[in-house]
Each structure stands twice: as C-alpha cells, then as structure tokens.
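K.L.:
The primary structure of each chain is shown beneath.
Protein chains: 2
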Amino acid sequence: MTTTTTLSARDTAFVRDFHTMSEFGATANGGVDRQAASIPDGQQRQWLKELLEAKGFTVKFDRAGNEWGLFEAVPGAPYVVVGSHMDSQPTAGRYDGAYGVLAAAHAAFRLVEKWGASGPDGQPKFNIAVVNWFNEEGSRFKPSMMGSSVYTGKLELETALATTDAVGVTVRDALDAIGCRGDYEGPEAAYCAEIHIEQGRSMEREGITIGLVHSNWAANKYEFVVHGEQAHTGSTVIADRKDALLGASMLVVAARELADKFPGVLHTSVGQLNVYPNSPVVVPSRVNLLLDLRSADEAVLAEADALLHRRIAEIERLANIMVERNHSHSWPVTPYQPEGVELAAKVAADLGLTSKQVMTLAGHDSTNMKDLVPTVMLFVPSVDGISHNEHEYTTDEDIVAGLAMLTEVVNRLCNGVLED
Amino acid sequence: MTTTTTLSARDTAFVRDFHTMSEFGATANGGVDRQAASIPDGQQRQWLKELLEAKGFTVKFDRAGNEWGLFEAVPGAPYVVVGSHMDSQPTAGRYDGAYGVLAAAHAAFRLVEKWGASGPDGQPKFNIAVVNWFNEEGSRFKPSMMGSSVYTGKLELETALATTDAVGVTVRDALDAIGCRGDYEGPEAAYCAEIHIEQGRSMEREGITIGLVHSNWAANKYEFVVHGEQAHTGSTVIADRKDALLGASMLVVAARELADKFPGVLHTSVGQLNVYPNSPVVVPSRVNLLLDLRSADEAVLAEADALLHRRIAEIERLANIMVERNHSHSWPVTPYQPEGVELAAKVAADLGLTSKQVMTLAGHDSTNMKDLVPTVMLFVPSVDGISHNEHEYTTDEDIVAGLAMLTEVVNRLCNGVLED
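Which chain is which? The protein sequence lines are V and Z, in order.
For my numbering, count along the first sequence from 1 and bump the result up by 4.
For my numbering, count along the second sequence from 1 and bump the result up by 4.
Incorrect hints may appear among the rest.
Copies of one chain are not kept apart here, so a pair can be met inside one copy or by any two copies together.
As the list claims (entries may be wrong) - Restricting the straight-line Cα-Cα distance to at most 16 Å, the calculated cross-link-like pairs of lysine to aspartate or glutamate (EDC-like) are:
hint, residue 1, residue 2
1, LYS129, ASP424
2, LYS246, ASP264
3, LYS246, GLU261
4, LYS246, ASP388
5, LYS64, GLU54
6, LYS129, GLU76
These are computed hints drawn from the structure, not numbers from a lab.
Here the structure is a predicted model, which means the values were calculated and not measured.
Just need the whole structure built from these sequences, with the hints factored in.
P.N.:
Okay, here's the thing in structure tokens:
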C-alpha cells in the first residue's frame, strides 16, 4: 500500500475531485467539520449536484433530504443504488462517508461512459442511482443513519423531520435552509453497494486492500439520564449530596470495565455527556449521557448488558442518585447477503486485489439497505485505524483501488449477475 | 424557628420587598435564574437603584460593575460597607446573596431614619454604603467573587473586564449591555458587614438563629484538561483508545473517594465538566473540568491534595490520557477579625437571639473584604441545608431576625464601637 503508482488519467480526476470535495468544511488540521444540513454540507451537496448533472445525471432531493443522482439507461427498470454519506462528525476526517459518495459517482460515470460506447448488447439490465444519504453521522440530529432509515421505512418521515438539534432547529427547517428538502420519494432499488474506510486496523495490519463485509456487530445503545439534586459544592456535607455527575462518572467507568471483562469482543463507550447546571460551585442535578455496547457475539452482548444493569443498580445506591433509561436502540448481528459477499470476492480476485471477509463494527447506511435489497459492502484500509479524527487517512492507491473494485461490482450488479 | 410571629410594619415591608425582588429571573419551581449581567440581573439592579434613591441614597456603579448605594451622614468620613450579591447560579434559590443585599438596604434605611430623627449626639462616626457586588457566583464569568476581588485589589480591573463567558461575551460588554459599568472607584471602607444564609444544616439542627462566622475553610480549586484522542466509539479497538471522558470520569470518582477518606472534614466536588466533541459515536478527545477540595484543616487539605495528584498520575496511565492542570486557585483558612465576632456575639445576646460561632465552607465577598477592613460575617439558617437549588428556603422569622441583627451590628460599627 505504500508503493508509488502512476495513476491513470481517470484515477487522477477522481483524486482531484476528492481534494476539491475535502475543501467543504475543511478544518485547519486537515480534517472536516460538515455536520448534517450545516452550511458546508449544503454547499457540498450543491457541488455534487453540479458534478452529477455535468455527466448527464438527473439530481433529485427526496423528502428526507437524501440526494439522488439518477441515470436511466433502461427505461422503467429498477436501480442499483450506490453511495454513502457526505455529512461528518464535528472535526472529523475527510474519508468517512464522503469517499464512498464520490467513488459511487465516479463508478457511475465510468459505467455510463461504457454503456454509451457499447452497442445494444452492452446495455445493463438495471439503472444506476448515486446516493448521498442525509445525516448518517447523527451528531447534530439523532438517530444516525437517518436518511437511509426513512428510505428503507425504518423511521417515519415526520419523526425524522421533527427531530431537533441541540439549539432546537428541526431537520425540516435545517434541510429547507440549505435547499435540500425535496418531494421525491427515491427510486425503486434492486441492489445496493457501498464502499467505506475500514475505521480499524485489521486490513492494514494484514496488507489487505479490499474488505468484504459479511455482517455487522450487534449493538445496544442507551440514553441514560442520571438524576441528582442541586447543592452547594462547598457547603453541602458529602452525606447529603445527590451528585448526578458522580453517578454518571461511575457509569462511564463501569462501561470501560465491562469492555475489559470481555477483551477484544466487546466495545463500550460514552461519547456524549451533558451536565446540568454545569456551574463551578453547584453539585450537578442532572447528567444525560449516551452509552453503547457492541459485540460480534450476541451472547457476550447479552451478558454484558445484564452486568451493566446490575452495576447501575449499585451505582444508584452508592452515589445516591437515580438512573433513568430514557431511550434504547438495539440491533442484532445481521448478515449481508452471502451472494453479494461472494460476488465481491470474485471481483477482487478478477481485479487482482487482495481481499478478506470482515465484519463492520460501525453502522453504515448499507446496514439499513441490506434489509431491503441484496447489498454489497466494501472496505478500504484506514492508516493506523484512525477514525472520527482529523488525521483519518487512506492512501491514494487504496482509494483508487476501491473505486475500481466498486465500479466492477456495480457493473455486474447492473448486468444482473445476482438475478438467478 | 417554626413559630408564627406577627411581623412589625417595617419587617412586613422588608418581606414584601423580598418577594418583589425574587420576581427578577423567577423560575417556575420557585427559584431564580439571574446570572451575572444577564437581563434579569440588570433589571434587578435598576430596581435596587430606585429603591435606594427613594430613601435618599446616591447610587453609583463602579468600574467593575459593583452597585453602591451611598449615604453620607458625616461629610468626608469613610464608610461602613454592607451588602452581598444579587447574581445567582442558573436555577438557584431566592435567598443566596440577594437576601444579604436587601437586608443591607433595609438596615441602612432604618439607621438613616434613626439618624434623621436624632439630634447632633445621635449622629454616627462613619457613613454607610450598601453594596451589590458584581458576579459573586462565577457561573457565567470565572472567577467567582469578581466584583469584590477588583474592589479589594486582588484582581486587576482589566483582567476582570476582559473575562469572557461560554459564548465569548466579555464582562465589559455584558456590563455595558445592562448599563452597569460606571467610572466610580468605590467608597473608602472602614468596616464591612455581610449577612447570608448558612447553606448547611448545622444551625437549623441546633436551633440557632444567628451564625457568627469566625473563619473560612481552606480550598484548592483546579481546572483540569484531560487530553485524549478522537476515535470511533464503535470500530476503534479498546486498546487503541485514548478516551478523555474515561480519564475525566475517573477523576470525578477519585475526588469523591478522597472525601470519603476524610469523612466530615474534606469536601470535594466537580461541578462543571465539558466534553469535546461530545458526539454520540466519537471517543472524546478533550474534557475540561473544575475540581475543588475544601477543608477546615489545612493539613488535611494538603494531604488530600497530594493523594489527588498521585491518583492523577495513575489515571493518566490507566486511561491512556494526559491530564493538564490549567489553572489553580487556593486560599488558606483565614480568620474574620475576632473583635468583629465578639461584637456580633454581644449584639445577638442584646437582641435575645441564639447564636454560635461557625465557619463558612463557601466563599463570600466578605472573605475578600476581611483582608481589607475588619469585617463581620453573619449567617441565618437554611432549611434542610438546601443551597444552590430552587428549593433553598429560610423562614420569614429568620430573615427578619437576621435583618434586626445586621441593623444593630452596622449601627454599632457606624458608631465606631471597634475604633479602640
């Protein structure tokens, strides 16, 4: 992955577009800040629209803010949906999601060009739709994977549109502000493909260029509210305190202790935690936090979950607080269609790219799509496994290899390779 | 303290003013939200100005936003400064600070009325200044006790004015916005008196009406910044994580464990904690938190502080993070002038009020003032010790008893009782 290769003209064009794309919401440290329906997200969506239209694609925004670039080669036929998301975490890397959308667009450009140069026998069975899903990250508006959840019928449109960010702006208003709420319902999908960075080290460590995602880790996600009582941090005696932040901190520590109890097979974390009233001299009365448990092994997840809830009862007693479970969201280990994994393995072999089967630990829009249509999920390596970080990096060689891989997978899907 | 007493006309007027005053920034749960230089703080300062002017006082704002109500009975003589603060924590009680300012005003009104009715022999040796100190709470602008710190020369005026709140507004601009930044330097003080709620249970438990504050607890206050590294909460393996929130949570737990190691003689807390980037699926890269240790025993404080720093080194290793000590602020146990405590004890006895000597665990503006001039600090009981909480409460009987006590202490100070 570290050898220097001379890129072809079309690969050079892709890398150039990748750099242009990374300017939207660019941060001083080489990352991006492009949260869902922010101004840079809106500007980038406009840029993508122009990029697609210049290649003869019809661009439509659907009712949940997903951006579709449609090319109808076969009038009336369903679509192979290929894409990812361009929104980012606050101060994130340039590759997460955005690489997958741009690779989808360039893959589609290459196929459309090929179809244009072919005679009647070279025409596909399915049309192609490039998609930039709305709000995959979920940092500004919860839940994550919002746009693909609405498209796949897992989330009500009205629920999504009424969701508010931390300052009370709704998804509806935020999408209207960037001109990205349409009345389109989205195309009829036949298949789906997505490419993404691995966000882990396993492929880099083994020198593998293409990850063939066969399933996702299971996850239990909780929003806990720890309830205490405001008091003076100086004068209130310790025995009288009901310190919500102490209880919340014990929960954060407990989450890590759980992960340590199941080394390598359980991931736990608290990413978001808000303290009220958050004043230097007031014992906090309320803390909201998001805690999640993830595992490839559902039995481990169930055991960890039971241990967590037992520990919560202890923390309530020890810290003299009350823990409310405000919301929970879970998903099991679910497979991507084996025929899709097999197809991808064959394509990698045909292209001379190293590949291996992997699981995805993170959620992706394809995790939703695979419940609707056969879906192929591909990874390229992440240098040092760095993710959700401005220093996220994948080599140019790997991103162009991933593009070649995605192009051929989509080509075969459009040709109906999985029809039998 | 629970008997029902018929209040005198002037006590009724005081209670009525107390209720009017509590409307500024009133919350739905019976408390107030009146942070420094907020709109309700500004409105309340205007209301106090009118209240003082109606009684013949000259009202001036000094350069640090302290509000002074001056009555010059003896031309050119120094002033007995009496007051507290009207700013509050976010969602706080009605008594903290505001009671002391209004009691100061009413005590001054009673004395001025008495002087007006007296012949030449009944005139005081010192003038009287009612003060509403700016930003005692320190919740919007740090540090706390800002106005009295500038007045007593402990904090540079320019440093105070340049201090910003969480959204970048400076003290200078915030004071200008409510019209409370003047060019006055403040009066020359001869003595000081302040009355405040206890914010603890000891007086209530023992049935004491007046607390005679003889000294303050020592305190070490730290701002810690925990540095980690952004990563994906789902996909990053646990061993690779540098989770700043885990480190911060271990610090919060460590603070409580320290207090448990010195039961009753050490108070510790973390009131404020901010997480970055605070997104559901990002391992936090930075947490800022304020941690303080307080004790009446400086040896205990020193031992606890050493243990804390030893624990921090362990936490850095265990959580794979780095803890930066960004700022620290400490004060020792310091006495209020014994002659002031003795005077207050005599006044309480003369008025038939029960009293006992107490320490203050919280900081007060009088903690600053006592380093400048002899200062008397008085407490009235807090029901259930509830403080920095909307349910903070002191009975009407106790607030009028405190007013009588303060009036007589200030009377004797104005008459020069401590001059020899």
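K.L.:
Now tell me, hint by hint, if it's right for this structure.
P.N.:
Hints, one by one, checked against the model:
| no. | hint | result |
| --- | --- | --- |
| 1 | LYS129 x ASP424 | within (13 Å within a copy, 105 Å between copies) |
| 2 | LYS246 x ASP264 | between (28 Å within a copy, 14 Å between copies) |
| 3 | LYS246 x GLU261 | between (23 Å within a copy, 15 Å between copies) |
| 4 | LYS246 x ASP388 | between (42 Å within a copy, 14 Å between copies) |
| 5 | LYS64 x GLU54 | within (12 Å within a copy, 63 Å between copies) |
| 6 | LYS129 x GLU76 | within (11 Å within a copy, 96 Å between copies) |
In terms of the numbered hints stated before, the structure departs from none.
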